[in-house]
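Enquirer: Chains A and B, in that order, are what the protein sequence lines are. The first sequence begins at 1 in the UniProt record's numbering and counts up one residue at a time. The second sequence begins at 1 in the UniProt record's numbering and counts up one residue at a time.
Heads up, some of the hints might be wrong.
[Said to hold, decoys possible] Simulated restraints, written as ranges between beta carbons of each label pair:
1. I344/B x A105/A: 46 to 56 Å
2. L374/A x W50/B: 25 to 35 Å
3. Y214/B x P258/A: 40 to 50 Å
4. L374/A x T49/B: 44 to 54 Å
5. Y214/B x K186/A: 37 to 47 Å
[Stated by the list, open to error] SDA-like cross-link-like pairs, simulated, lysine to any residue; straight-line CA separation at most 20 Å:
6. K306/A x K244/B
7. K73/A x I93/A
8. K261/A x R180/A
9. K325/A x S23/B
10. K365/A x G147/B
11. K306/A x L146/B
[Said to hold, decoys possible] In silico contact screen, one side only, chain A against chain B (beta carbon under 10 Å); selected entries:
12. T318
13. L320
14. R323
To be clear, the hints were calculated from the coordinates, so they are not data collected in a lab. Predicted model only: the values in this text are computed from it and were never measured. Note that CB positions come from ideal geometry on N, CA and C, so glycine has one too.
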Amino acid sequence: MADQPLLKLTNISRHYGAIQALKGASFEVGRGEVMGLVGENGAGKSTMVKIIGGFDPGFSGEYFYDGEARHFKSPTAAEQVGIAIAQQELSLIPTMNVAENIFLAGDGVPLLASKSRLAAMAKPFLEEVGLGHVNPLRATNRLSVGEQHLVEVARLIAHNPQVLILDEPTAALGETDSIRILEMVKRLKDRGKSIIYVSHRMDEIFKICDRITVLRDGESQAPRAAAAMDVNSLVELMLGFELGDMYPARKPITRNAPVLKVRDLWPDGIVEPISFDVYPGEILGLAGQLGSGTSEILGAMAGSTKTRGGSLNYKGETFLPTRPKDAISRGIAYCSEDRKHDGLFLGRPIMENMSSPSLKTISAKGILSGQRELRTTTENAVKFTVDPKRLPQEAGVLSGGNQQKVALGKWLSISPGVILVNEPTRGVDVGARAEIYQILRDLADNGAAIVVASTDIQEITNLPDRIVSFYRGVQIGELHLEDMTSANILEQITDPFHEAGIAVSEKAS
Amino acid sequence: MTDVTASTGETPNLVQRIRRDYSPLVIGMVGLFLLVFVAGAAFTDDFLTWFNVKTIIRDAALVGIMAIGLTFVTLSGNFFLLSMKEIAALSIICFATLMSADWNQWGTIDADPTSWSLFMTFLVAFTATMIIATIAGALQGALIGLGGNPIVVTLGAAGLFFGIGSWWSDNLVVSYRRPHGAEWLGTGSFIGDIPNITVAFVIIAVVAELVLRYTTFGRQVYLVGANRAAGRATGHENFGMAIKCCIIASVCAAFVAVAFSGQVSSAHVNYFSSEFGSSGDMTIMVIAIVMVGGNSIMGGYGSTLRTSLGAIFISSIDNMMVLNGFNSGARVLAVGLMIVFSIIVFALVRRGSRAVE
Numbered sequence: 001m002a003d004q005p006l007l008k009l010t011n012i013s014r015h016y017g018a019i020q021a022l023k024g025a026s027f028e029v030g031r032g033e034v035m036g037l038v039g040e041n042g043a044g045k046s047t048m049v050k051i052i053g054g055f056d057p058g059f060s061g062e063y064f065y066d067g068e069a070r071h072f073k074s075p076t077a078a079e080q081v082g083i084a085i086a087q088q089e090l091s092l093i094p095t096m097n098v099a100e101n102i103f104l105a106g107d108g109v110p111l112l113a114s115k116s117r118l119a120a121m122a123k124p125f126l127e128e129v130g131l132g133h134v135n136p137l138r139a140t141n142r143l144s145v146g147e148q149h150l151v152e153v154a155r156l157i158a159h160n161p162q163v164l165i166l167d168e169p170t171a172a173l174g175e176t177d178s179i180r181i182l183e184m185v186k187r188l189k190d191r192g193k194s195i196i197y198v199s200h201r202m203d204e205i206f207k208i209c210d211r212i213t214v215l216r217d218g219e220s221q222a223p224r225a226a227a228a229m230d231v232n233s234l235v236e237l238m239l240g241f242e243l244g245d246m247y248p249a250r251k252p253i254t255r256n257a258p259v260l261k262v263r264d265l266w267p268d269g270i271v272e273p274i275s276f277d278v279y280p281g282e283i284l285g286l287a288g289q290l291g292s293g294t295s296e297i298l299g300a301m302a303g304s305t306k307t308r309g310g311s312l313n314y315k316g317e318t319f320l321p322t323r324p325k326d327a328i329s330r331g332i333a334y335c336s337e338d339r340k341h342d343g344l345f346l347g348r349p350i351m352e353n354m355s356s357p358s359l360k361t362i363s364a365k366g367i368l369s370g371q372r373e374l375r376t377t378t379e380n381a382v383k384f385t386v387d388p389k390r391l392p393q394e395a396g397v398l399s400g401g402n403q404q405k406v407a408l409g410k411w412l413s414i415s416p417g418v419i420l421v422n423e424p425t426r427g428v429d430v431g432a433r434a435e436i437y438q439i440l441r442d443l444a445d446n447g448a449a450i451v452v453a454s455t456d457i458q459e460i461t462n463l464p465d466r467i468v469s470f471y472r473g474v475q476i477g478e479l480h481l482e483d484m485t486s487a488n489i490l491e492q493i494t495d496p497f498h499e500a501g502i503a504v505s506e507k508a509s
Numbered sequence: 001m002t003d004v005t006a007s008t009g010e011t012p013n014l015v016q017r018i019r020r021d022y023s024p025l026v027i028g029m030v031g032l033f034l035l036v037f038v039a040g041a042a043f044t045d046d047f048l049t050w051f052n053v054k055t056i057i058r059d060a061a062l063v064g065i066m067a068i069g070l071t072f073v074t075l076s077g078n079f080f081l082l083s084m085k086e087i088a089a090l091s092i093i094c095f096a097t098l099m100s101a102d103w104n105q106w107g108t109i110d111a112d113p114t115s116w117s118l119f120m121t122f123l124v125a126f127t128a129t130m131i132i133a134t135i136a137g138a139l140q141g142a143l144i145g146l147g148g149n150p151i152v153v154t155l156g157a158a159g160l161f162f163g164i165g166s167w168w169s170d171n172l173v174v175s176y177r178r179p180h181g182a183e184w185l186g187t188g189s190f191i192g193d194i195p196n197i198t199v200a201f202v203i204i205a206v207v208a209e210l211v212l213r214y215t216t217f218g219r220q221v222y223l224v225g226a227n228r229a230a231g232r233a234t235g236h237e238n239f240g241m242a243i244k245c246c247i248i249a250s251v252c253a254a255f256v257a258v259a260f261s262g263q264v265s266s267a268h269v270n271y272f273s274s275e276f277g278s279s280g281d282m283t284i285m286v287i288a289i290v291m292v293g294g295n296s297i298m299g300g301y302g303s304t305l306r307t308s309l310g311a312i313f314i315s316s317i318d319n320m321m322v323l324n325g326f327n328s329g330a331r332v333l334a335v336g337l338m339i340v341f342s343i344i345v346f347a348l349v350r351r352g353s354r355a356v357e
């Protein structure tokens, strides 16, 4: 670490209206250093990243880059001196090929360049990010989401930045792609680049970061060496108090009669029909990486994903939901992995979000009862520790954790017997995460059957009572509580046929 | 980043609430519009005479009722019906043809305007028109609900309806004899000197606002408009919403067609393309009102109350410009400017709110 940091921000404040996002926070990163930036949702991480990258010029405080005072007015200005941000949302043009996307900005490229010329130029950058095997002439939308994220980073590297900011690069990625990202970070660091790594994933932070800066409520803690900390002390710093065991205790479950029988369900994207049972009072985990088909299975059970065939047996009735309405009317709730897409009405008040699945129960003859709506939504908001005073506010102003609580909490209004949750805590901070686990456990203890699909290996190991595992659209096996170790699960979801020597395609045929 | 906004407990007063709920840009725009309105009213001779005000509220009622219908479509996230004037054209031809049909005369001809026989003629023609409009709306709604692009579907439907109306009437003016039952709706007034069509406008505006606020249907309109995917996931399919909202818009257009026909005792397919409002084009005029009222084009945000105010505002500005001798080109320009201005303001506001997140 050089004596003078490459990038240094001191006493940074930023407020949006009445909201103080940053209160005199400081941040620095040295040359060739990987600096972790962590904090709960709402702590000010995104604001800090935006300020560093020049997206948000409306801050006060000192900003030094390479010893010089700066105040970037636009992202382009920051880019020119060598600060690049890989944002959570992809900004690639899906129909263009990989090489074209890498040189999208058009600088450093001859005026007329053939596709093969571009491809040759793109190759080194792809290798840099660990995509040496990808043909640069491939259309970008044919790559996996993880590979697309890496292409995005390759594009930034093509500009030879000095500081690279990665804002939750692995949030939407499976295990293999995450490892690629981490390896790329290490390679860049070895070449003397500075990297700011924003993430919720504790294991990654400790794997690659040299130092860690913690933000809490818009204030910063002095950066600490990662080697001098462990997960518990870091979480404590983030929350400001000690967090007990994040995962609630499991109670012994007597499995007599299944409440829901899934028979020969065959959603698109699954290799062969699948069957399993769900028992009341348990949390069943569907384990699998991205692309393993667990999302499709939950979607099909809720009627929101297309299904080729099969049936559900619930409360003595055999049916196959073809639209979400069919499942909701029978008391099956489904919370998808993408709350902004189909989990929330961001522009509408929280109260309307909370009551949206149950308009029938809060109305009589088509007329809404304001009182009844207020009563049930307040009740459910309290259960999910959402401040009832905030019910009239728009859902869009909530932090990620609170949004997830609303997206989940709205289903309490239909008193569901089965709750299907895909990625219950994606993009959710540690504090809210523990709350969501506790609520799911309480619901199960009260007799509901809960099916959780997750790609987070810690979550899938510690939350469910039983696991059914999937690998590339094939149902692998079932794990009971005593066998549910991370190692066992990882083996089943990453390389289940290795020992037997059978390729997946063979089993499929 | 905004988890610190928890309310402090005390209830804010009106000014505080406006400042909290609306961005300075929107407040500025409304202020500017009000200023233009007041200045125009003060400096235009004859503007505030009862005769002129009556003209304004009658004109505003016609475009306003149509715009309220269209607001349902817009709020539900199904964009606009570009076929509003063609639905009205088909409706007015249908209405006038039935009013003048021999089989639809129910008594002596020289009866007084409110007699049973004239009312029966009116009722038959009115009912048939509404049925046709309902079918027209349901057809478009179903196509949109199945996933058709609203612009393409309604442009196609526009040609269809206009063609039928034009063919049916041989592209001629269809007139019918006074007195007739539609006069009561078109030019009559039973509350003092207030035109009946204005009374209808007020009633429709109030009912529409109540429906949107206090019924499950209204709530579904907002939810599906705010996020169609989330609407589907919570059991509110756009298919049904698109059909219902398009029917509402079509029926409103047909109602306006009937009222307008009642004013002129005749019908022609071009009435809503050439002889109407400042731009002469009813569809543009109605869309302008929805936009200037500040309803979100993407759906999920707005109200029919805003639309009603937009109708009164645009009609007043139009009227002022007429009184001040501007030609129709200048008036079209003014409406265009208002649309562009409000779109820019609302786009800026949306971008601002995204930065806060």
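Enquirer: Now look at each hint and say whether the structure bears it out.
Expert: Right, here's what the structure says about each hint:
1. I344/B x A105/A: 46 to 56 Å: violated (28 Å)
2. L374/A x W50/B: 25 to 35 Å: At roughly 45 Å between Cβ atoms, W50/B and L374/A fall outside 25 to 35 Å, so the hint is violated.
3. Y214/B x P258/A: 40 to 50 Å: Hint holds: Cβ distance 42 Å, inside 40 to 50 Å.
4. L374/A x T49/B: 44 to 54 Å: holds (48 Å)
5. Y214/B x K186/A: 37 to 47 Å: Taking Cβ atoms as reference, Y214/B and K186/A lie about 60 Å apart, which means the hint is violated.
6. K306/A x K244/B: Not satisfied, since the Cα-Cα distance of roughly 26 Å exceeds 20 Å.
7. K73/A x I93/A: violated (26 Å)
8. K261/A x R180/A: violated (39 Å)
9. K325/A x S23/B: violated (37 Å)
10. K365/A x G147/B: violated (30 Å)
11. K306/A x L146/B: Satisfied, since the Cα-Cα distance of roughly 16 Å is no more than 20 Å.
12. T318: violated (21 Å)
13. L320: Nearest chain B Cβ about 17 Å off; hint violated.
14. R323: Hint holds; R323/A Cβ to chain B Cβ min 6 Å, cut 10 Å.
Comparing the model with each numbered hint stated earlier shows that hints 1, 2, 5, 6, 7, 8, 9, 10, 12 and 13 do not hold.
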